[in-house]
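**Student:** Sequence:
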Amino acid sequence: MIPIQTLRENPDYVIERLKVKNFEAKEIVQSILSHDEERRKTQKMLDEKLATSNQMAREIGILFKQGRSDEAQELKMRTAQLKEETRELSEKLASEEKNLEELIVRLPNLPAEIVKPGKSSAENEVVLQEGTLPSLESTALPHWELAQKFNLISFELGAKVTGAGFPFYVGKGAKLQRALISFFLDEAIAAGFLEFEPPLLVNEDSAFATGQLPDKEGQMYHVAIDNLYLIPTAEVPVTNLYRNMVLKHNELPIKLCAYSACFRREAGSYGKDVRGLNRLHQFDKVEIVEIAHPDQSFRVLDEMTSHVASLLRKLELPFRMVRLCGGDMSFTSAITYDFEVYSAAQQKWLEVSSVSNFTDYQANRLKLRFKDEEGKTRLVHTLNGSALALPRIVAALLENNQTPEGIRMPKALVPYTGFDLIS
RNA sequence: GGAGAGGUGGCAGAGUGGUCGAAUGCGGCGGUCUCGAAAACCGUUGACCCGGGCAACUGGGUCCGGGGGUUCGAAUCCCCCCCUCUCCGCCA
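Here our numbering is used: the first residue of the first sequence is 181, the next is one more, and so on.
No wet-lab data here; the hints were simulated from the structure. Backbone N, C-alpha and C define an ideal beta-carbon position, used for all residues, glycine too. Mixed in with the good hints there might be a few duds.
Below are the DSS-like pairs computed for lysine-lysine, each with C-alpha atoms no more than 30 angstroms apart in a straight line [unchecked claim]:
{"no.": "1", "residue 1": "LYS396", "residue 2": "LYS435"}
{"no.": "2", "residue 1": "LYS296", "residue 2": "LYS206"}
{"no.": "3", "residue 1": "LYS199", "residue 2": "LYS494"}
{"no.": "4", "residue 1": "LYS329", "residue 2": "LYS435"}
Here are the simulated distance ranges between beta carbons [what the hints assert, rightly or not]:
{"no.": "5", "residue 1": "SER486", "residue 2": "ARG286", "range": "21 to 29 angstroms"}
{"no.": "6", "residue 1": "VAL285", "residue 2": "ALA354", "range": "52 to 60 angstroms"}
{"no.": "7", "residue 1": "LEU421", "residue 2": "GLN261", "range": "42 to 50 angstroms"}
{"no.": "8", "residue 1": "GLU585", "residue 2": "GLY372", "range": "37 to 45 angstroms"}
{"no.": "9", "residue 1": "SER301", "residue 2": "SER486", "range": "20 to 28 angstroms"}
{"no.": "10", "residue 1": "ALA370", "residue 2": "LYS329", "range": "51 to 59 angstroms"}
{"no.": "11", "residue 1": "ALA302", "residue 2": "THR342", "range": "29 to 37 angstroms"}
{"no.": "12", "residue 1": "GLN185", "residue 2": "VAL350", "range": "25 to 33 angstroms"}
{"no.": "13", "residue 1": "GLU265", "residue 2": "SER300", "range": "53 to 61 angstroms"}
{"no.": "14", "residue 1": "HIS429", "residue 2": "PHE244", "range": "48 to 56 angstroms"}
{"no.": "15", "residue 1": "THR312", "residue 2": "GLY398", "range": "54 to 62 angstroms"}
Input sequences plus hints: build the corresponding full structure.
**Tutor:** Shown next, in the form of C-alpha cells:
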C-alpha cells in the first residue's frame, strides 16, 4: 500500500509515476483524496462527541460517589441522545475507512525514477551480460530428454502420483537438488544472511501482509479445513516474521535467508514454455530477504544483485541481468532486476532470479517500522530476491554442460554433489 | 482428540465496574558520580488516528488477543472466535 501521506502530499507525482506502469491512477487518486477528507471530517465530529460523553461519564461517577444520585440520574438521561449520535458516526467512520482502504490497495507501488516505461518484457533493458553462450552439437538434447536419459528426474511418475508439475528427482538428480540448496544457503550465510527454515503453510493474515491476498488468491494452494495457504515463496513466512514491529535504526539492515519448497498453482499456463522444468507447481528455492533503512535500500539492492551474479559466476553459467520496464514489473515492486541464464538446447533465456526493492509499499501493509536517529517512527524498506530458484538452474546446467562423456558439474558444486560427472 | 490454566506496555507481572494507558520490577534512554566503566542514585520511557504549531511540543480520540454485547462508564461483567501453556491420548 502506498502510504496515505504520500498521496496527500504528492497526488500528481503518484499519477505521473504510475503511468510508467501503464496504470491510469487519476480517478482512484481523486476518489481517495475525497474519501480521505470525508473520513477526517467524520472522525473530528466523532471525537468531539466522544470527548463530551467521556466528560459526562466522569461527572456521573463523581456525583454518585458524592451521593447526589438525583443529579446523576438527570445527567444519565442526557447521554442517551449522544450515545445514538456516536453510534451512527462510528459506523460511518468504519465504513469510510473500509472504502478508503479498498481504493488504496488498488494502487500499485510507484516505480523508482530509473525505471523506464514499457508494455512488456520486450522493453526490458539488459544491464549486464556475462559468459559465452555455448554452441552445442546439433545432437544436443533439451533438459527433459537428458533427465530421462540419465534417470535424474521423472515427470511421468510425478504425474502419476500427484499431477503434472510435481516431478520426482531421482539418484544423482535428487543429490543435485540437495547440493544446490546447500551451496546457495552456504553462500548466503557467508554473505551475512541469517538462515531460517520456515513453515511451508501460512495463515490468512500472513498471506495478506505480503500481498498474496486478496488479489492473487488463485495462485496459491489453499488447505480449506484449516484455512492455511501453501507458500508460493519463502518470502511470505520470512517477511512476516517482522509483521507489526517497530525496530531500532541500529538493528538495520536485517538480512534473512531461507530454503523452502514453493507451491504455485499457475492457473492458465500451457505449451512449450511449461515443458520439463520450465514451470512447476512445486519447486525448490533459496530466498534472500532484507529489511533496510529507507536511505540505504537502493545500495542494498545493488548488494543483493551482486550476490546473485556471484552465484551464477560460480556455477559457470552464462547469464544476463535485466532491469524490468514499468509494464513488466510486479504490482508491489518499485524496481526489479531479473537474472536469466541461457539455455543452450532450448536457445532461450530462462529467468532464474528476480530481485526487487519494494520500498515502503510492503512495509506499510506489514506495519513494519523503525525508530530513526531522531526518534521518529518511519516505515522501513523491504527487499527480496531469489538466490536462487533451482529448476531452471538445473535445466541450464544439464543442457549447457552436456558432453559426449556425460554432464559435467561446475567446480564449485563438486564438494556438494560428490561427483563431477553425470554419466 | 479429552481435561485444565491463561492471553495486560520491549520483557516479567499487578490490577475484578469510575480519577487506569494502566502499580512494580527488568530492560532502554538521559544525567550525577568516575580518568573511563561497573555499581549506586535521580529523571525519563508505548502505538495509532484527527487537530494546532516551522519546531520542541500540545489539545482530543482509539488501543489491555480479535469481534460483538451489557452499562452513564469496561482491562475488569456476558457471548462468540483465535492463540498459548500444562496433563492425558495418538504420533515422525
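**Student:** All hints, please: hold or fail.
**Tutor:** Against the structure, the hints come out as follows:
| no. | hint | result |
| --- | --- | --- |
| 1 | LYS396 with LYS435 | holds (26 angstroms) |
| 2 | LYS296 with LYS206 | holds (20 angstroms) |
| 3 | LYS199 with LYS494 | violated (39 angstroms) |
| 4 | LYS329 with LYS435 | violated (41 angstroms) |
| 5 | SER486 with ARG286: 21 to 29 angstroms | violated (35 angstroms) |
| 6 | VAL285 with ALA354: 52 to 60 angstroms | violated (42 angstroms) |
| 7 | LEU421 with GLN261: 42 to 50 angstroms | holds (49 angstroms) |
| 8 | GLU585 with GLY372: 37 to 45 angstroms | holds (39 angstroms) |
| 9 | SER301 with SER486: 20 to 28 angstroms | holds (23 angstroms) |
| 10 | ALA370 with LYS329: 51 to 59 angstroms | violated (35 angstroms) |
| 11 | ALA302 with THR342: 29 to 37 angstroms | holds (35 angstroms) |
| 12 | GLN185 with VAL350: 25 to 33 angstroms | violated (54 angstroms) |
| 13 | GLU265 with SER300: 53 to 61 angstroms | holds (54 angstroms) |
| 14 | HIS429 with PHE244: 48 to 56 angstroms | holds (49 angstroms) |
| 15 | THR312 with GLY398: 54 to 62 angstroms | violated (41 angstroms) |
This entry does not satisfy hints 3, 4, 5, 6, 10, 12, 15, going by the numbered hints stated previously.
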